[in-house]
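Participant: Residue numbers (the numbering used here), protein chains in the order written: chain A, -6 to 353; chain B, -6 to 353; chain C, -6 to 353; chain D, -6 to 353.
Hints may be right or wrong, so weigh each one.
What the hints assert, rightly or not - Pair ranges (Cβ atoms, derived):
| id | chain 1 | residue 1 | chain 2 | residue 2 | range |
| --- | --- | --- | --- | --- | --- |
| 1 | D | Gly158 | A | Gly139 | 53 to 59 Å |
| 2 | A | Ser248 | B | Arg25 | 56 to 62 Å |
| 3 | A | Ala284 | B | Asp63 | 28 to 34 Å |
| 4 | B | Ala45 | C | Gln267 | 44 to 50 Å |
| 5 | A | Ser248 | B | Ala163 | 42 to 48 Å |
| 6 | C | Gln267 | A | Ala45 | 35 to 41 Å |
| 7 | B | Arg85 | A | Ala284 | 55 to 61 Å |
| 8 | C | Pro278 | B | Ala163 | 54 to 60 Å |
| 9 | A | Ala45 | B | Pro50 | 19 to 25 Å |
| 10 | C | Ser248 | B | Arg25 | 44 to 50 Å |
Calculated directly from the structure, the hints in this document are not laboratory data.
C-beta: ideal position from N, C-alpha, C; glycine also.
Protein chains: 4
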Amino acid sequence: MDIGVAMLGQGFMGRAHALAIGRVATFEGVARRPRLVAVAGRDPARLAEFAARFEVPRAVTDWRELIADDVGIFANLGPNALHAEPTIEAARAGKHVLCEKPLGRDAQESLVIERAVAATGVTALCAFNYRFVPAVRLARQILESGDLGDLFHARFAYLQAWGAGADESAWRFDASEAGSGALGDLASHVVDLARFLVGEVDVVTGLEQRFVEGRAVDDAVAATLRFRDGAVGTLEATRFATGNVNRLTFEINGSRGAVRFDLERLNELEIADQHGFRRVLVTEPDHPFAAYWWPPGHGLGWDHTFAHEWAHLLGAIAGEHGVGPYGATFADGTAAARVCDAIVEAARTGSAVHVASAER
Amino acid sequence: MDIGVAMLGQGFMGRAHALAIGRVATFEGVARRPRLVAVAGRDPARLAEFAARFEVPRAVTDWRELIADDVGIFANLGPNALHAEPTIEAARAGKHVLCEKPLGRDAQESLVIERAVAATGVTALCAFNYRFVPAVRLARQILESGDLGDLFHARFAYLQAWGAGADESAWRFDASEAGSGALGDLASHVVDLARFLVGEVDVVTGLEQRFVEGRAVDDAVAATLRFRDGAVGTLEATRFATGNVNRLTFEINGSRGAVRFDLERLNELEIADQHGFRRVLVTEPDHPFAAYWWPPGHGLGWDHTFAHEWAHLLGAIAGEHGVGPYGATFADGTAAARVCDAIVEAARTGSAVHVASAER
Amino acid sequence: MDIGVAMLGQGFMGRAHALAIGRVATFEGVARRPRLVAVAGRDPARLAEFAARFEVPRAVTDWRELIADDVGIFANLGPNALHAEPTIEAARAGKHVLCEKPLGRDAQESLVIERAVAATGVTALCAFNYRFVPAVRLARQILESGDLGDLFHARFAYLQAWGAGADESAWRFDASEAGSGALGDLASHVVDLARFLVGEVDVVTGLEQRFVEGRAVDDAVAATLRFRDGAVGTLEATRFATGNVNRLTFEINGSRGAVRFDLERLNELEIADQHGFRRVLVTEPDHPFAAYWWPPGHGLGWDHTFAHEWAHLLGAIAGEHGVGPYGATFADGTAAARVCDAIVEAARTGSAVHVASAER
Amino acid sequence: MDIGVAMLGQGFMGRAHALAIGRVATFEGVARRPRLVAVAGRDPARLAEFAARFEVPRAVTDWRELIADDVGIFANLGPNALHAEPTIEAARAGKHVLCEKPLGRDAQESLVIERAVAATGVTALCAFNYRFVPAVRLARQILESGDLGDLFHARFAYLQAWGAGADESAWRFDASEAGSGALGDLASHVVDLARFLVGEVDVVTGLEQRFVEGRAVDDAVAATLRFRDGAVGTLEATRFATGNVNRLTFEINGSRGAVRFDLERLNELEIADQHGFRRVLVTEPDHPFAAYWWPPGHGLGWDHTFAHEWAHLLGAIAGEHGVGPYGATFADGTAAARVCDAIVEAARTGSAVHVASAER
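Just need the whole structure built from these sequences, with the hints factored in.
Facilitator: See below:
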C-alpha cells in the first residue's frame, strides 16, 4: 500500500530526502511504498524545477497546502525557525511527521513541539540521520551488548572548516532563522550520538566562540561532559577546523574495548579489544542495513543514511517497531536540546551546569 | 524527452543499474530522462519481484522480447556468455547499448561484438564503472594535465577474499558462463584502469593460479607490465587475499608526483608531490561529478558510480560528448581483453608476451 | 672538552638518559662530550647492575654524594617528590641542572625550584622531551612562521590505557610521591606542548575523574582551554583510554592551515593547507635534528628525543643558544604547573578558572 | 667478557653499527660486551673524525690492519665489491664475521664467500637488518605458528624515490662497486624477507628498468614469484617511486589470516583474521626485542634494528642459539642472491626462470 509524502523544503535536504524516498520504495520488505506527492518552497522557480526533476505532482509556496488528503507523512526539512508550527499542524491533521534536527531552536521550543505532537498520537521521528550510518548502528549494537565493559571515556567532535570565508547572509548565520550556529547545526548531531551511544549527560562545562566579528551565532563550542553512568568526555563542534571537511568523529573507551568512527570514512568502524584497533568495513551481510544493498566491500555514501531513516520511519508507522531506541524520537530531540542549552549556559556563566532531566 | 531502457539481468547488477536509472533522472541537466520499461531474467519468481519493486512495466524471460519499440537503450547485465548475441541483436535493431564488463569472454569474442556493433552506428558503452568513481576521474585529470611528469611506475591490484569458502556452483566458477575467474571478473577492471590512466600495455609476464582443486577458472593472476610510454608496473587480481574485502588499489609514480587510490575508501585520492602524499576528499565543488550531489565531505558510495555512468551514456547519446575517452568504448573492451589474454598466454607459456595491438 | 654528568634515578628514565648521553657524545658538532660519572638510586642491587651496564664509575644511594667535583651537570630523574631539594642543592653547588617533568608537584613548589635555581645562574632545563620530537619541532617552526594564519583551534590529548589493571602500589599512584596522577604524568606533557605551540592559556574549565575506588590520584582529566591569543581548545589526559597505547595527539587549526601529530607515529607530521592533510615523514635533510641521523625515511624512536634534549642542553651550557624557547626552562615548568593547577581548581569548583600569570 | 670489534667502513653504515655496538653493551643479559677497537676507511680525514667521535682506538686505511689480536668480530660494512676478500680473510684469521648485504655481487660470488667462511668454522651473519624489526620478527612468529593457515599470496615492495635527481658519481651507480642498482640495494632486502617469512622461491618472471639514460645499473625491478609451497606473489624494488621515502612493505595472505607491514611505520604490524586488519603497536612486553627497551607505546627507530642484530650475533657467538633461522646466515645471503639472479635472467630473457636450489 502506498503512502503519500509531503515535504516542506526543496533545497539540499529536500533532494536528499526525495532521493531516499525513491530508493526506499525499492527495498525488499519495506512496509509501505512512499510516494512524494507534494512539496513546498519559498522560491517558485527553484520549486518548479525541483518538482519537475523529482516528478512531484503538487508544488506549493504555502506549507499549509501540504496538509491534504493524499498525504500520510509530513516531512519538515525547513529552516529551524519553521520547525514548530508546521510540524504541530501536520500532526494535528493526523499526518505522521518527520522533522529535521535540531527539533526546536532550544529545549523549550523542542518541548512544545514534542508535547503537542505526542498529544496527537501520530508517529514522529526527529531526523538525526547519523544514527542510520551502518557503522554508527554497529557501534550502538556493540555498546548494547556490553562488550566494551564499563565505559570510561567518550570523545565527540564535529569538525568542519567552511566558516571562515562563508557568505554572511546565509540563513545558517541568522539567529532568528537558525537559533544558533555550530551548536544547533553540528553539536546537536554529536550530542544526539553521545546520548544514543553512551547515555544521558549529567554535567557539562564549556565555552562558545565567535571568530568572525559581528556574527550573530556561535562559530564553535567545546565542552567537557560527565555522563550519568560514570563516563567522562569531551565534545567539540566547529566550522573553523581547517584541514577537515566533514569530520564527525567519536571514540568511546570501556574497560574491555573501544570503538572509533570518522564520518569522512563512513563505511568503517574501528573496534578495539585490549590489543589495538581493528578496522572493520561495515558492509558484511550481518551488518546493519546491509540487506538493502550490495556484496561486502561495496561501500555506501552519506545519502544512503536517509533511505535507512525512511525505511525505519515506515516500519514504525506500520507498527513493526518503535521510532526509538534506534531512531530519534521527538523526546530525543528535546533531550539533545537540553544538553545544548546546558553547554550554552555553561559557556555563558563559566560554571558547570547540570543538564535538565526530562522529569523536571 | 524520455528514453526507454530495457535491462537483461535482474540480479545484483540489475538492482545497481535500476537504482542508477532512477537517480540519474533527477540530475540537473541530464540530457534525457531514462525510464526502465522492460527487464528480462531467467527466474520468473525473482523477475516478478524485481519488476514489482522497481515498477518495471514489462518482465520477460526471453531477452529477445526486450527489443521493442518503446526501448531506446539496451543494457546487457547478463553473465559473460550472454554478452555477445543480445548486445549485437539489440544494436542491429537500432538500440543504444550498454554492456557489462568484460565485453566478451576473450579478445576474439570482444572484437566480434565491437565490430558488429560499430557497423550499426549506435552509441555503445562498456560498463567499466570504476572510471566513474570521482577519485578515479580526478586521477585521470591529473594524469592528463601532465602534473605528474614522466611516468615511472604503476601498480594495480584488485584484492578480494571470498574465494576460499565459496559456493562452487556459482556461475562465476563456470568456465563456459564466466570465461575466466579472477581474470575477467577483477583483473579486467584494473586492466581497464591501467589503460585509462597510464596508457597502452606493451609487454606482460605473469602467472595464474588455482588454489582450489578442480575449480575450472583461475583464482588469481599476477603480472608485470611494461607500458608503451616507458612506465613499468605490476598487476594482481585475486579472490584469496584474506583481510581485504574489495580492495581495488592503484599507485602511479611520475617524475613530479604520484596518485594513490583504494576502492575501500572510494571518496579519497592521495596525491603526492615530492613532499609526500596528501589525502584529498574528492567531494569539493570543482571535483568530478560533485555537481550532481552534496556539499563537501558528504561522501558517495559504490552505487553512485552507476548513476555517473548513465549520465555519461545519456550525454553521449545526446551528442554532447563521445563515449570515450572518459567512458569505456567497446574498443576499450576489446583492448582490455587483449591485455588479459596476453597475461593468460604469458602465464601458460612462461614467456613475456607482447599485447596484440588494435591494428593487427 | 668532557663534562661529567651525575644522575639521580636509575630506572626507566635513568636508562633513557644514560643511552642518550652515550649517543650525544658521538654527534657531530656537539659542544662538549658528556660522560656519566655518577648515579644514585634507592635499591643497591639494581643500582650496581645499572652502574655495571652503563659503566658508571660511582654509584651511591645518597644523592648528596652526587654533587662532587667531577660533575658538571646534575640530572634529576627521581620521583616528583624528590625534584625540589636535590635540584636546588645541585644548582647551589654550581652544577647545571636537568630536571624531569613535572618540575614540582604543583605550581607553588615549581616556583620555589625555579626561583632558587635562577638565583644561582646555572643552566637549567625542565625535561619535557616531546619538544624534541622532530615532528613537534617542525610543528613549532610552522607555527612560528605564521603559515597557519590566525589560530582558531587546538586539541590536545594524551591517551594511555594501562590504568585499569595496574599495580596499586606503584609510586605513580602515591599522592605524596607523585603529587597527582594522569595530571602530572600525562597532562603536564600536553600542557607544555600547548604552551610551546599555541601560547599561553588564559581560562580553563574541566573535570577530573577517578575510575578506581580508593585511588589517591586522578585517573583522568578533561578540560576546555581558552588561549590568550583567541584560540580555543580541549585537553584530555587519561590512563583509561582502552585501545590506545601511548597516544599523545594534537591538532591545531588556523585560518590558513593546520598541523596534526600522534606520538604513536612519531616520525610523521600531518600538515594541511586548505586542500587537506599531507602526511610528511619528518626525516628529510632540512628537518629538525635530521643532521644527527640517517638518510630520509629511516625513522627515529622515542628514545632519540632524549639525545636531542641533551644536545640542546649542552649547547645552552656552551652559550650557543638559550634553553628556551625550544627547550623548556624552569619558568616553563612553573607555567605548565599553573595550568595544571587551574584545571584541578576548575574541576573541584565547577567554575572557569583564570590561569595565574607569571607576574602575579 | 669483552669482545673487540673491527669495522671496515665508516660512513652511514659505520655510524649505524657503531651506535648499535655501544647500545647493545648496555643490554641486560647480553652475552659479551662488544667494544669497537678498530675502524678502516678510505678517506683519512673522515676516518679520523669518526674515530674521535666514537672513541675508536685504531683507525687505518688498509683493512688488512684490522685483523689483529684484539679483534674478535670483523664487521664488513664496505661497498659490495669489497665484501668478498676482507670477509674471507678475516674468517680465515679466526674472526667472527658480520657482512652487510648483499653478501656478494651475485650468487656465484656469494657462494664463494659462503663456502670459504663455512670452512673456517667462525660465526657468520649476513646483515639483513630488517629481520630485526620487532614487527617483522612478530610476523615471522605468526607465520611459524601456522595461524595464517595455508599461504596464498605474498606481495613485497621496496619503494624509494631519490633516484631521479641523484648524483651520478655515487658508488651505488657504479656497476663494479655495487654490482647492481635497486636489485642489490633494495630488492635483496625484500627477497630476504620473502624467504624469511614465506619460504623458498621457485619460479620468477619479471622485468628490469633503467629510467636514466646511461646509468650502468638498474633503477627498478618488478617480478612475479611462485613459492615452493604454493603461494604466489609480486615483488618490486625501485628508486623512482615518487611520493614514497623508504617504503618497504609486505602483505601475506593465508587461508586464516594475513599480516601487513610498512617500514615507514616500523612500530606497527597489521594483523588480519577474517574480519579485517588490526593495527598492533609492536611494543608490548611479550613482543620481540621489547625486553631491551621501554614501556608499551614508546616506539623504536630504524637504527634500533642494528642493536638487535648485534645482540643476536653475540648470542650466536656465545652458543646460545644459531645465527639462523632468525638471523640471516651466509647461506641465506647466497640464497637471496640466487633469487635476484633469477629475476635478472628472467628480465633479460623474457622467460620464467627457476631459482637455482642450494644443492645445484
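Participant: Next step is simple, just say for each hint if it's right about the structure.
Facilitator: Evaluated hints:
Taken as a hint, the range 53 to 59 Å holds for the pair Gly158 of chain D and Gly139 of chain A, whose Cβ atoms sit roughly 58 Å apart. Between Ser248 of chain A and Arg25 of chain B the beta carbon distance is about 59 Å. The supplied range of 56 to 62 Å therefore holds. Checked against the hint of 28 to 34 Å, the C-beta distance between Ala284 of chain A and Asp63 of chain B comes to roughly 33 Å, which is consistent with it. Here the CB-CB span from Ala45 of chain B to Gln267 of chain C is close to 49 Å, well matched to the stated 44 to 50 Å.
About 44 Å separates the C-beta atoms of Ser248 of chain A and Ala163 of chain B, a value consistent with the hinted range of 42 to 48 Å. Checked against the hint of 35 to 41 Å, the pair Gln267 of chain C and Ala45 of chain A passes, with Cβ atoms roughly 36 Å apart. For Arg85 of chain B paired with Ala284 of chain A, a C-beta distance near 40 Å fails the hint of 55 to 61 Å. The beta-carbon spacing between Pro278 of chain C and Ala163 of chain B, approximately 55 Å, falls within the hinted interval of 54 to 60 Å.
For Ala45 of chain A paired with Pro50 of chain B, a C-beta distance near 22 Å keeps the hint of 19 to 25 Å intact. A C-beta distance of roughly 46 Å is found between Ser248 of chain C and Arg25 of chain B, which places it inside the suggested range of 44 to 50 Å.
Going through the hint list in order, the structure does not satisfy hint 7, though it satisfies all others.
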